[in-house]
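Enquirer: Spelled out, the chains give:
Protein chains: 2
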Amino acid sequence: MEIKEIFNNYLKNGTLKITTPRVKILKFIKFTKEHFDADDIYNNLKENQQKISLASIYRTLALFLKNGVIRIVTHAGRKAKYEFVKDNPHHDHMICIKCGKIIEFKNDDIEYMQKKVCEKYNFILKEHNMELRGLCKNCYKKRKK
Amino acid sequence: MEIKEIFNNYLKNGTLKITTPRVKILKFIKFTKEHFDADDIYNNLKENQQKISLASIYRTLALFLKNGVIRIVTHAGRKAKYEFVKDNPHHDHMICIKCGKIIEFKNDDIEYMQKKVCEKYNFILKEHNMELRGLCKNCYKKRKK
DNA sequence: ACCTTAATTGAGAATAATTTTCAATTTCAA
DNA sequence: TTGAAATTGAAAATTATTCTCAATTAAGGT
Numbered sequence: 001m002e003i004k005e006i007f008n009n010y011l012k013n014g015t016l017k018i019t020t021p022r023v024k025i026l027k028f029i030k031f032t033k034e035h036f037d038a039d040d041i042y043n044n045l046k047e048n049q050q051k052i053s054l055a056s057i058y059r060t061l062a063l064f065l066k067n068g069v070i071r072i073v074t075h076a077g078r079k080a081k082y083e084f085v086k087d088n089p090h091h092d093h094m095i096c097i098k099c100g101k102i103i104e105f106k107n108d109d110i111e112y113m114q115k116k117v118c119e120k121y122n123f124i125l126k127e128h129n130m131e132l133r134g135l136c137k138n139c140y141k142k143r144k145k
Numbered sequence: 001m002e003i004k005e006i007f008n009n010y011l012k013n014g015t016l017k018i019t020t021p022r023v024k025i026l027k028f029i030k031f032t033k034e035h036f037d038a039d040d041i042y043n044n045l046k047e048n049q050q051k052i053s054l055a056s057i058y059r060t061l062a063l064f065l066k067n068g069v070i071r072i073v074t075h076a077g078r079k080a081k082y083e084f085v086k087d088n089p090h091h092d093h094m095i096c097i098k099c100g101k102i103i104e105f106k107n108d109d110i111e112y113m114q115k116k117v118c119e120k121y122n123f124i125l126k127e128h129n130m131e132l133r134g135l136c137k138n139c140y141k142k143r144k145k
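These protein sequences, in sequence, are chains A and B.
With the numbering used here as the guide, the letters of the first sequence map in order to residues 1 to 145.
With the numbering used here as the guide, the letters of the second sequence map in order to residues 1 to 145.
Treat the hints as calculated values from the structure; they're not laboratory data.
For clarity, every value in this text was computed on a predicted model and none was experimentally measured.
Hints are not guaranteed to be accurate.
Repeated chains share a single entry, so a pair holds when one copy, or any two copies, can fit it.
As the list claims (entries may be wrong) - Taking lysine-lysine and the DSBU-like style, the derived pairs with C-alpha atoms no more than 30 Å apart in a straight line are:
no., residue 1, residue 2
1, 17, 98
2, 86, 17
3, 98, 120
4, 46, 141
5, 115, 17
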């Protein structure tokens with residue numbers, strides 16, 4: 001079973017328990033294709049008669065984040081958005097300021113440069129995030145009219 | 001007078017008024033060398049018997065942000081930090097996850113690559129922000145001990 | 001299967017940052 | 001100088017998140 005696998009691979013942290021809320025949240029995270037925040041999880045589970053308290057959702061998100069099961073996509077607008085990590089290696093995002101569309105991309109040259117810059121400053125890079133904000137193809141076309 | 005110049009250059013938005021609170025905030029922003037948040041402005045002005053309500057500070061920050069007088073440095077930890085734009089061209093930041101130190105840097109190669117990536121996706125880049133998180137020189141040394 | 005206990009949960013209160021409301025004040029153009 | 005429109009301060013409201021604590025549950029040993 002995939003779910004148990006994830007718990008074993010990522011969360012085997014001594015005294016952690018595989019609880020119903022955690023499994024439900026993990027299932028949601030695993031199967032959803034979108035970026036999500038705490039409310040998305042809360043609402044989706046509630047709609048499916050699987051209600052879990054927001055407190056537990058926040059606690060579980062913090063746990064998953066610490067263990068690398070999920071990562072933060074953006075924290076702008078003071079609301080944290082996450083994404084599932086498994087089978088979804090690091091990448092960056094372009095965010096359309098008109099329609100909110102998020103385009104994922106990965107560029108090895110940029111990553112390489114980042115490492116170089118950090119070396120220059122004797123800075124030990126742990127993680128980074130880069131957001132390019134602007135207009136997506138569609139919104140640019142619309143705006144021109 | 002520099003202050004008036006800024007109001008004319010950036011904020012000449014039809015019906016905007018040059019008010020005492022706005023001038024005080026602009027002066028603080030202009031002369032401070034650090035990155036600042038709403039509280040920094042509030043406390044600094046209060047210490048100098050120039051108290052302005054937090055509400056007005058938030059309103060003014062939003063106004064300055066929209067008009068390009070300031071820009072957001074980081075929004076992580078759900079508190080927005082800003083910096084003055086004038087005479088301070090775009091750059092990116094390394095943020096120490098231990099002591100919070102912010103190191104500014106600029107790398108033209110990275111900027112160039114970003115443009116390239118955007119072209120590839122037909123994305124019209126308006127602005128970007130990049131945060132590299134990790135350990136600064138000092139904190140790395142300390143941690144090794 | 002049953003017990004024990006430490007981990008976890010839900011509900012709601014608490015907190016932090018920011019935004020809104022609204023009556024009173026201030027700016028600025030005529 | 002005046003008056004309309006913009007802005008302000010104070011406090012209430014909102015949003016996102018965290019904390020508190022009593023009640024519940026998972027997991028290992030019997």
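Enquirer: Each hint should be assessed against the structure and marked as holding or not.
Expert: Now the hints, each set against the structure:
Within a single copy, residue 17 and residue 98 get their C-alpha atoms only as close as 42 Å, which misses the 30 Å cut-off; across copies the closest is 29 Å, which meets it. When the C-alpha separation of residue 86 and residue 17 is checked against a cutoff of 30 Å, the pair qualifies only within one copy, where the shortest distance is 21 Å, while the shortest distance between copies is 53 Å. In the homo-oligomer, the alpha carbons of residue 98 and residue 120 lie at most 30 Å apart only across protomers (19 Å), although the nearest pairing inside one protomer, at 37 Å, exceeds that limit. When the C-alpha separation of residue 46 and residue 141 is checked against a cutoff of 30 Å, the pair qualifies neither within a copy, at 38 Å, nor between copies, at 48 Å.
In this assembly of identical chains, the alpha carbons of residue 115 and residue 17 never lie at most 30 Å apart, being 37 Å within a copy and 46 Å across copies at closest.
The earlier numbered hints that this structure contradicts are 4, 5.
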